[in-house]
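K.L.:
Chains as they are written, first to last, in the UniProt record's numbering: chain G, 1 to 375; chain R, 1 to 375; chain B, 1 to 375; chain Z, 1 to 375.
Since the hints were made in silico from the structure, they are not lab data. It is possible that some hints are incorrect.
Each computed DSSO-like pair below joins lysine-lysine, with the alpha-carbon atoms no more than 30 Å apart [stated by the list, open to error]: (1) Lys313/B with Lys46/B; (2) Lys53/R with Lys46/Z; (3) Lys53/B with Lys53/G.
4 protein chains.
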Amino acid sequence: MTTERYDIYKEDVAGRANVSDTPELVQYYKDLEKFEAGALWNVANKIEPWEPKSQSVPVLWRYQDLREYVLRSVDLVTPEQAGRRVIYLNNPGRQDVSAAVGWLYSGLQVMHPGEAASAHSHSSSALRFIMEGSGAYTVVDGHKMTLGANDFVLTPNGAWHEHGVSEDGTTCIWQDGLDIPFVNAMEAGFYAVHPDLSQAVTFPVNDASHIWGNPGLKPVLHDWQKPYSPLLKYEWEPTYEALSRYAKVTDGSPYDGIIMDYTNPLTGGPVMATMGASMQMLRPGEHTKAHRHTGSIIYQVAKGHGYSIINGKRFDWRERDIFCVPSWMFHEHVNGSSSDDACLFSFHDLPVMRALNLYYEEALADNDGHQIITE
Amino acid sequence: MTTERYDIYKEDVAGRANVSDTPELVQYYKDLEKFEAGALWNVANKIEPWEPKSQSVPVLWRYQDLREYVLRSVDLVTPEQAGRRVIYLNNPGRQDVSAAVGWLYSGLQVMHPGEAASAHSHSSSALRFIMEGSGAYTVVDGHKMTLGANDFVLTPNGAWHEHGVSEDGTTCIWQDGLDIPFVNAMEAGFYAVHPDLSQAVTFPVNDASHIWGNPGLKPVLHDWQKPYSPLLKYEWEPTYEALSRYAKVTDGSPYDGIIMDYTNPLTGGPVMATMGASMQMLRPGEHTKAHRHTGSIIYQVAKGHGYSIINGKRFDWRERDIFCVPSWMFHEHVNGSSSDDACLFSFHDLPVMRALNLYYEEALADNDGHQIITE
Amino acid sequence: MTTERYDIYKEDVAGRANVSDTPELVQYYKDLEKFEAGALWNVANKIEPWEPKSQSVPVLWRYQDLREYVLRSVDLVTPEQAGRRVIYLNNPGRQDVSAAVGWLYSGLQVMHPGEAASAHSHSSSALRFIMEGSGAYTVVDGHKMTLGANDFVLTPNGAWHEHGVSEDGTTCIWQDGLDIPFVNAMEAGFYAVHPDLSQAVTFPVNDASHIWGNPGLKPVLHDWQKPYSPLLKYEWEPTYEALSRYAKVTDGSPYDGIIMDYTNPLTGGPVMATMGASMQMLRPGEHTKAHRHTGSIIYQVAKGHGYSIINGKRFDWRERDIFCVPSWMFHEHVNGSSSDDACLFSFHDLPVMRALNLYYEEALADNDGHQIITE
Amino acid sequence: MTTERYDIYKEDVAGRANVSDTPELVQYYKDLEKFEAGALWNVANKIEPWEPKSQSVPVLWRYQDLREYVLRSVDLVTPEQAGRRVIYLNNPGRQDVSAAVGWLYSGLQVMHPGEAASAHSHSSSALRFIMEGSGAYTVVDGHKMTLGANDFVLTPNGAWHEHGVSEDGTTCIWQDGLDIPFVNAMEAGFYAVHPDLSQAVTFPVNDASHIWGNPGLKPVLHDWQKPYSPLLKYEWEPTYEALSRYAKVTDGSPYDGIIMDYTNPLTGGPVMATMGASMQMLRPGEHTKAHRHTGSIIYQVAKGHGYSIINGKRFDWRERDIFCVPSWMFHEHVNGSSSDDACLFSFHDLPVMRALNLYYEEALADNDGHQIITE
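Chain G with its partners taken away, still in its complex shape (with noise of 0.2 Å):
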């Protein structure tokens, strides 16, 4: 290509590069390469941006058009072929790492009554978030836990760990989250199948919740030194009446209204180390303000309909709905029913950002907080 640029990222300001092309300059820069070099005025301000701007993409994925595909899958492969039936979401801007918003990934996954997925173990880490359908179990460790529509379960980086859905149960739907497309980014992604392919539950079923699970009391026999929540499990009513309690003695979040942090009981941080997860209400009628941070953030609304705008654009949601929020995209979220709370479940990443002193906030400034739609 004899027109090939090497000045494409120049800016014209004091402090940085500006440095147009010579034939003597480009010849320079060929023979750099021959060295695997390269000058670096004609990449700086490429990679040393003002500000971030996300790969990601705003996306909303609608329950109810993703809901017959996923149970398509059921007839279209068995579970021994897939490994685990699941439609996964592909944000647009990261379809190169499969991942659903920045390095999060997210999947449907169903499962009829009586089947099991195979039990295997990776360095990356998971949870669930359950959305349709009764008598679904996960089991970590050892641990089996029982789990109900908006429940949301952990399966940490190193846990062997199999979902399924028990005999007497219905068909179930779940979200899976994982930080895959960050651990693979990290070159540090490991997998392993159990040799059983099924692991024996050696603890009385739901023991981390009756261990674990009594607010502002701690076992004194049982130590605990993984580097994730022992609670493993977090079950939808107790964190329903806990956002209601909250609610009364709070004005809550300008951004988020009565906002949450799912925890770690024996640290008062983040459940894992690689994602935190968060419930939020939404009071009847609230219209939060707009504010962006580093870091990207999964939501499923738990309750209620309603919109949320973000960068500018308005997406609708109702129960069971999925968007995710790119990092440094403002964003503000709308309880559409003037009645009933609305909630959304997410999760994120921002615990890795706050371990690597990356986390960064900023409030709209203008039009009182609130963003003018533009699409």
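Since chain G is already given, all that's left is putting chains R, B and Z on it; use the hints.
P.N.:
Chains R, B and Z only, in chain G's frame:
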């Protein structure tokens, strides 16, 4: 006294001091005293004991003995005169520091409906455990908490606090627990009376419970930097329920049955830096094994009846009785009922022992782990 | 393309996805694409690899190759045009993100006496390792540090910083190391030019070394809350002396000889949250064993000559050469001298791997721990 | 005694106890005593003081007074008889616990060339500061350290340790500092004589200094999980050099001149959990301002001469003298030379005060921060 002896602690063991008085040495010792000095070998075996020997003695305080005296105080002194109408527990071995055991103070306080103590703060940390009555409340730095029987509440060091009983309540009696003797020993005791003798309630009543009392959930907004639990109040009902749930999935501790620590939900650690608290359930017919550890404990019987054996002596207890276990004394507990559980509330200085690497523990090896009752 | 395939990643292993394309399935996949979704089983084996396979390749950059190009840049571009005159290392597998390896950027920067770069700050973290010349200095948030060959200095994220060479110095070349690719990948890159293009030196020169560079001692007065090492500069002379002293009392690491991490003296942890650095000494004739671990490393030869074997390929190095080891590739090092030690400076992203529980390590089991050279 | 009084602590201040004895009340109090109980209002003002009033008194121990007695002990008792030949400092207010001040023990120990104390361990933590002689050494868990004048060494709780002087050394005297009184008060004192009365040196001599005594560097291999500093020995020469360097870039503390804490290089925290140590330099002619804080301090004059004012009393000191400052007493220091610096070594229980949130500090407000000398 012409026959003063200096060699009273000598031991005939290799590595221990074993110096007998001689006229020359005695003169040498007397000379040293002029310079505020002494010979270590005369006290070495005293100040470096082979193992701890507590100055405290085990004591059981029967509620039926003390209750009438506590109630009589109402007729004998006014709150204004007395500051607080409290009968304190005075261990025979610790009367010089007014301690119930070790460095822990405890007393029984009474208050009539409509009464309130004046607001104050101190560098000591305090807790209360409600014994009887309705309408009790505590205010801590503007947070008001309502309290019922077996509820446990913190008034940490440095916090303005006051106690009262509402007009529509009944006469209330509660146990106070403080580290006053310890803080005095550390020569760090400060005390201040609130300038208005009373503080304003600036938060919604019981807000701390709504904000921090949700298992596995934490408000995103509320930051807390103070070195003690933000939960402040721990109610009896969810505590008893937690023990009951936990009992289903654990064999329990051989020494304590079903035992849980009250915790700071933001750290998983003790409720305050100098005092921890626990609740334990002895299952019907349970007889635990004996162990001993450093640190002092004060128990109150929250439910049921039974007995404990402390250093070979049996102490029978029933609901509301209080007893103490001094440092490094063997102790085991017996539920007197074969059909109902018994519950023991306790508070202790184990957080101090652990923070300073002074916690040691030992199981009784002989007699299948059970003490021979010698008294 | 009429022959598009979806089943290219299938594996015939229990627990892995193994679904072959059928016309019905292909139609199903195409339908899903309309909804920004896909079937997991088509990508599962790709995104859940059995173990990491780095996109980077091992590279050695010879200083004798690059030095003349670095020096020529002085004639080709002005500091004002270029921002900084830097030749960056461009790994063949990572040219899309301008990385030397993994998510790490590195470049060689040159500066003439009397020159100074404009002051700026960014959310990326940076470090410099001086290669040649005298009179170099760096200013970080008002702290000026003078630098000589093999000195190592931090310019952490969020700090205003600038580099220069004093009038009485000589032409200086140093290696820059930054986490720019990582911070961009995390979509958290911010950049700011100092309003005055230069900052005032507001502390005594080299004050950080005097305050924090004393072994086992810490000023009582100086508080430091920032999330990186206050020491900022690590000089060559005491570092080499430290390795020499340490060598006297240790057998060293089988994989790295005598190796020490640069640390934050207030935490004992890495110098910055996203990048760590180490210096290691290979004793005369030393040939280490091979191991591999997650995380990427960039080495610079600070002293001596020898070679390293990386994934079966031999790379010969001499003083000032730079080479990289991608994630999960076996590597071992050989000192080429039988009489003198050799020293390797390195920086890496191991603090990220450790903070997020993604650090895995494995020794080479075969051939007495030594690789077979295949290239 | 017919005239026993109970109301001796009453105060006529709102919020304080102010109850006068009456025959009825006295009978009530006597009844309570039968049940190991008492009325709080009789002791409340005693046990809840407005501010700390130390039981210790300030004392200065002149080395010229004590040295001959220390040396004479060699003729008076054998090491086998005495265990250790130590003259301990016995504060007039703390003779019941053999403390030099507060809960800190201190003594001067002498040893002749070729002598060694028997190896032992205890739950108390200890430190030594060498005063005179050559050839002293300490062994801690197999690590042998050689010691010269003004060197400071740790023998932490739980570690086997022994002291000696080599055959080719001279008579050595050092100061011992221990938390024995505190550990006894906490009823956690354990003591063990080494089964062989002596332990093997299993590491290279002074290995800890070579491994951990390098500023800003940490061996990658050596892990350390013990709750105290791995450095163990802190030599005088680098300490003095550190103070001199630090003095160039700081104004110093108004209360302490140029002061640094000895630290654990792995945490930046104190050398042991219960005792910290510091070294400070008073510049020529320096006269610091007065402040007071909770916690007790023992000083030894490492260099120079001058005086300190403690609670209004002047104490003149010269090299090797020892003096103490009790909790919450104002103190200020004066270097007696206008040409040379003076250095004070000190150890204290401030780590305890800080860990338990009991550290309080106050500057003297009056008289430009200087005390009026009243004694």
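K.L.:
With reference to the structure, classify each hint as holding or not holding.
P.N.:
Hints and how they fare:
no.: 1; hint: Lys313/B with Lys46/B; in the structure: holds, 26 Å
no.: 2; hint: Lys53/R with Lys46/Z; in the structure: holds, 27 Å
no.: 3; hint: Lys53/B with Lys53/G; in the structure: holds, 28 Å
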